[in-house]
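Spelled out from the first residue to the last, the chains are:
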Amino acid sequence: MMKVIMGNHALSYGAKLSRVQVIAAYPITPQTQVVELLSEMCANGELDAKFVKVESEHSAMAASIGASAAGARAFTATSAQGLALMHEMIHWAVGARTPIVLGNINRAMGPPWSIWTEQNDSLSERDTGIMQVYCESNQEVQDTVIQSFKVAEKVLLPCMVVLDAFYLSHTYEPVDIPEQSLVDEYLPPFDPPYKLDPDDPHTFGSLTDAKWYYELRYKIEVAMNKARYEWKKANEEFENIFDRGYGLVEDYKCEDADLILITSGTITGTARITVDILREKGKKVGLLKIRVFRPFPIDEVRDILGSAKKVACIDRNISFGHSGIFFAEVKSALYNLSNRPPIWGYIAGLGGRDVTPESIIEIVKRTEESDKPEELIWIGLKR
Amino acid sequence: MSEAKKIDWKGVDDMPEMAVSLSTMRVNKTASWRNLKPIIDYDKCKPCGICWKFCPEPAILLKEDGSPVIDYDYCKGCGICVEECPRKAITMHREER
Amino acid sequence: MRLTIPEEEIMSPGHLACQGCGAALAVRFVLKGLGRNTIMSIPACCCTVIDGPFPYTAYGVPIWHTAFETAASAASGIKAGLDVLGRKETTVLAWAGDGGTFDIGIQALSGAAERGDDMIYVCYDNEAYMNTGIQRSSATPYGAWTTTTPVKHPKNRPKKDIVAIMAAHRISYTATASIGYPEDLIKKVKKAKESEGTKFLHIIAPCPTGWRSRPDDTIKLAKLVVETNIFPLFEVENGEIWKLSKKSKGTPVIDYLKLQGRFRHLKEEDVQTIQMNVDKEYERLLKRCESA
Ligand SMILES: Cc1ncc(C[n+]2csc(CCOP(=O)(O)OP(=O)(O)O)c2C)c(N)n1
Ligand SMILES: [Mg+2]
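Protein chains in written order, with numbering that gives the first Met the number 0: chain A, 0 to 382; chain B, 0 to 96; chain C, 0 to 291.
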C-alpha cells in the first residue's frame with residue numbers, strides 16, 4: 000500500500016511491520032511522532048506490543064534491554080540529548096548482546112539549544128559497538144528498520160537507524176508499506192540463544208575479570224564482521240521479496256568518475272541531483288553514499304574510491320580538533336592501499352544549515368581547483 | 000542440589016557469545032576464608048533451627064531430625080551461629096591447617 | 000521441630016559476601032519467600048560481586064546484572080517482555096542497595112512506581128556505598144563515619160525518608176523489614192508478591208565491613224536497630240494505611256551505636272541528639288499509624 004507519510008512515521012511503520020513486542024521510549028523533538036503513532040497503534044490493538052512509558056531515555060534503553068533479555072523484540076527511538084543520556088546503556092545493550100533497534104533522529108547537541116539536524120549525536124556512539132545505518136528517504140527508513148531487526152538478531156548486536164531531523168523526520172514522502180505477511184516471511188520471530196527464564200536460570204553480565212573479558216570483546220568484533228555479510232544477505236533477501244534494496248553503500252556514476260563525492264543521510268539526495276547537473280556540463284563526477292556506517296564498509300569504499308583521481312567527503316558533523324568523522328573513517332580505510340586518491344574534507348550543514356546544490360557545486364569546484372588536499376574546509380561559513 | 004561443574008575453556012571459540020553463567024558458585028569452596036571454626040556440641044544442641052536460619056552462606060544443613068550440620072566446605076567462620084544459638088551449643092575454635 | 004521460614008535454599012554457598020554479610024542473608028530470605036519463579040534485576044552494588052564472577056552464579060534464579068541507576072527500569076522492561084510472551088506468573092524482583100535506590104536510581108524507581116509496573120523492588124540498606132569502599136549515601140544515618148564523611152565531619156543530615164517517598168506514590172504495598180526478623184521479612188515478601196503493581200520493601204542489612212562491627216554481631220544489630228526504633232518495622236498499604244509490625248521496646252540507641260566503629264567518635268551530646276531525633280521520628284510514625 001502506498002501512503003504519503005513523514006519520516007518519523009516510517010520508523011513507526013517499520014517497527015510495527017517488524018512486530019516489535021516491547022517499546023520503551025521518551026519524547027524529544029524531533030522524534031515525538033515516532034512514539035505518538037506507536038502508542039496509538041498499541042492502544043487501538045493494531046500492534047500487539049507493550050509500550051513502557053518511561054521517565055527518561057536512560058530508562059528507555061535500560062527497559063528495552065530488559066525486554067530483549069526476557070526474549071521480546073524491543074524498539075526505542077530518540078534524538079540528540081536523549082541519545083547522549085542513553086550512552087551508558089548503549090554500551091550495555093552491546094555488551095549484553097541484546098539486538099534492540101533504535102531509531103535516532105539526527106539533531107544537533109546543545110548548547111546552544113538546537114533542534115535541527117547534525118550527525119554528532121549518533122557519531123558520538125561510534126565506538127560503542129551499536130550498528131549504525133544512515134537513511135536518505137522515508138522508504139529507506141521503514142525498510143531499514145525491518146532489515147535491522149533481521150541483521151541485529153542474527154549477530155546479536157543492537158542497531159541504530161538514523162535519519163535527519165526535519166529534512167526526513169518531518170518531510171512527507173510516498174512510502175510503499177508492504178503486506179504484513181510478506182514481512183513475516185522475511186523476518187522470523189526473535190529467538191535468542193539465552194534468555195531470562197526461571198525454568199533454565201542463567202545469570203547475565205556478571206563480574207568478568209581480565210581472564211575472559213578480552214575474549215568477550217573479541218566476539219563483539221567477530222559479530223560486527225559477520226554483520227557485513229549479514230547486511231548484504233539481508234538486502235538480497237529483501238530485494239527478492241520487496242523488489243527494492245539498499246547496499247552497505249550506494250555508488251552513483253562512479254565508474255568513470257574523476258572526482259567522487261562522499262555523503263550520508265539526506266545530503267545524498269541533493270548530491271545526486273548535483274552530480275546529474277555537473278555531468279550535463281561534462282564533468283566526470285560520481286557519488287558514494289555511505290549507508291551502513293557500523294560495521295564500516297571498508298571493502299566497498301576501497302573498491303569504489305580506488306580508481307578515482309580525487310575524493311571529496313561532506314560531513315554534517317565534526318570531531319573537534321581533527322576533522323569530519325566520515326572523512327577520517329574513509330581516509331583510514333584507504334590508507335593501506337598502495338594506490339589511493341587524495342581526499343578533501345568538507346564540513347557542511349551543522350545545526351540544520353541547508354546544504355544546497357550550490358554548496359555541493361562549490362565543493363566540487365574547490366576540490367577541482369586545489370592540487371593539495373585540505374582536510375577541514377567549512378562550506379558556507381559566514382565571515 | 001544443582002551441579003557445580005568447574006568451567007575452563009581453552010579459548011574464545013568454546014565460550015558463549017555473552018557473559019552468561021553456566022555453573023554455580025558451589026565450585027568456590029570458601030573454607031579457606033575461615034580463621035575460627037564453629038563446632039556444635041550435640042549434647043547441648045536441642046534442634047531449633049536458629050543457627051541454620053541465620054547462616055548467610057548458607058553453610059548449615061539440617062538433618063532429617065532437624066539437627067544442624069555445619070558444611071565446612073563453605074563456612075566462612077563469621078560466628079553468627081555461635082552468637083545466636085540460644086543454648087550456647089556452638090563454640091569457636093582456632094582453625095587447624 | 001517446626002521451621003519458621005521455608006526450608007528450600009535457592010541461593011547457593013560459595014558466594015563472595017564478606018563474613019557476616021547482612022545483604023547475603025537478605026537475598027537468601029527474599030528468595031525463600033518468592034520461590035524459583037523469580038527473575039532478579041541487580042544494579043551495581045555489593046550483590047553484583049556476591050553473585051560471583053562469570054561464568055558462575057550463586058543466586059539460583061535468573062539474574063540480570065544492570066547499570067547502577069537501572070534496577071527499576073530494567074525490571075520494567077523484563078516485566079513487559081515477560082507479559083507479551085505470556086509469562087505473567089513470573090515475579091520480577093528489582094534488587095538494589097541504598098545508593099542504587101535513594102540516590103542514583105531514584106528517578107527510575109519513581110518512574111516505575113508512578114506507572115505501577117508490576118514488580119517487587121527491594122532496597123537492601125547497608126547505609127553507604129559499600130561496594131566502592133564505604134562512601135556516604137543519602138541513607139547514611141546522622142553522625143556516622145564513612146570514607147567521605149570522616150570523623151571530623153561526620154554526616155550532619157538525617158537519612159532520607161525513602162519509605163514515605165515511596166508511599167507518596169500511592170503504590171499498593173510498602174514495608175520495612177530487618178534480616179534480624181526473617182519471619183516478618185518473609186511474610187512481607189509474600190504479601191508484596193500478592194499485591195498489585197509496584198511494591199517496595201526497605202530491608203535493613205548490617206554490613207560488618209562498613210559499619211566496623213563484628214561479623215557475629217550482624218543479627219544482634221539487625222534486631223537492635225528495630226528495638227531502638229531507629230529502624231521501626233511497619234507496612235503502608237496504598238500509601239494510606241500505616242501499620243506498625245512490632246511494638247517498640249524503646250531500647251536506648253546507645254546499645255546499638257556502641258557496637259559499631261562507625262559511631263565510635265560520637266560524644267555523649269551527639270548520642271543524645273540521635274536519641275532525640277529517633278524519638279521524634281518514631282512519634283511521627285506512630286501518628287501516621289494512628290491517623291490511618
Ligand atoms: C553510573 C555509575 N556511577 C558509579 C558507579 C560506581 N559504583 C558501583 S557500586 C556503587 C555503590 C553502591 O552502593 P549501594 O547501592 O548502597 O550498594 P552497596 O555496594 O552498598 O551494597 C558505586 C558508587 C557505577 N557503577 N555506575
Ligand atoms: Mg549500600
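No wet-lab data here; the hints were simulated from the structure. Model, not experiment: these values are computed from the prediction. Treat each hint with caution, since some may be false.
As the list claims (entries may be wrong) - Straight-line C-alpha distance at most 27 Å; calculated BS3-like pairs for lysine-lysine:
#	chain 1	residue 1	chain 2	residue 2
1	B	K45	C	K222
2	A	K218	B	K45
3	C	K242	C	K222
4	B	K87	C	K189
5	A	K252	A	K308
6	C	K246	C	K159
7	B	K87	A	K218
8	C	K222	B	K43
9	B	K45	C	K186
10	C	K279	B	K62
11	B	K28	A	K210
12	C	K87	A	K52
13	C	K279	C	K245
14	C	K242	B	K45
15	A	K218	A	K252
16	A	K52	C	K192
Here's how the hints hold up against the structure:
no. : hint            : verdict
1   : B/K45 x C/K222  : 23 Å, holds
2   : A/K218 x B/K45  : 56 Å, violated
3   : C/K242 x C/K222 : 19 Å, holds
4   : B/K87 x C/K189  : 32 Å, violated
5   : A/K252 x A/K308 : 14 Å, holds
6   : C/K246 x C/K159 : 23 Å, holds
7   : B/K87 x A/K218  : 55 Å, violated
8   : C/K222 x B/K43  : 25 Å, holds
9   : B/K45 x C/K186  : 26 Å, holds
10  : C/K279 x B/K62  : 47 Å, violated
11  : B/K28 x A/K210  : 20 Å, holds
12  : C/K87 x A/K52   : 19 Å, holds
13  : C/K279 x C/K245 : 18 Å, holds
14  : C/K242 x B/K45  : 35 Å, violated
15  : A/K218 x A/K252 : 37 Å, violated
16  : A/K52 x C/K192  : 23 Å, holds
The earlier numbered hints that this structure contradicts are 2, 4, 7, 10, 14, 15.
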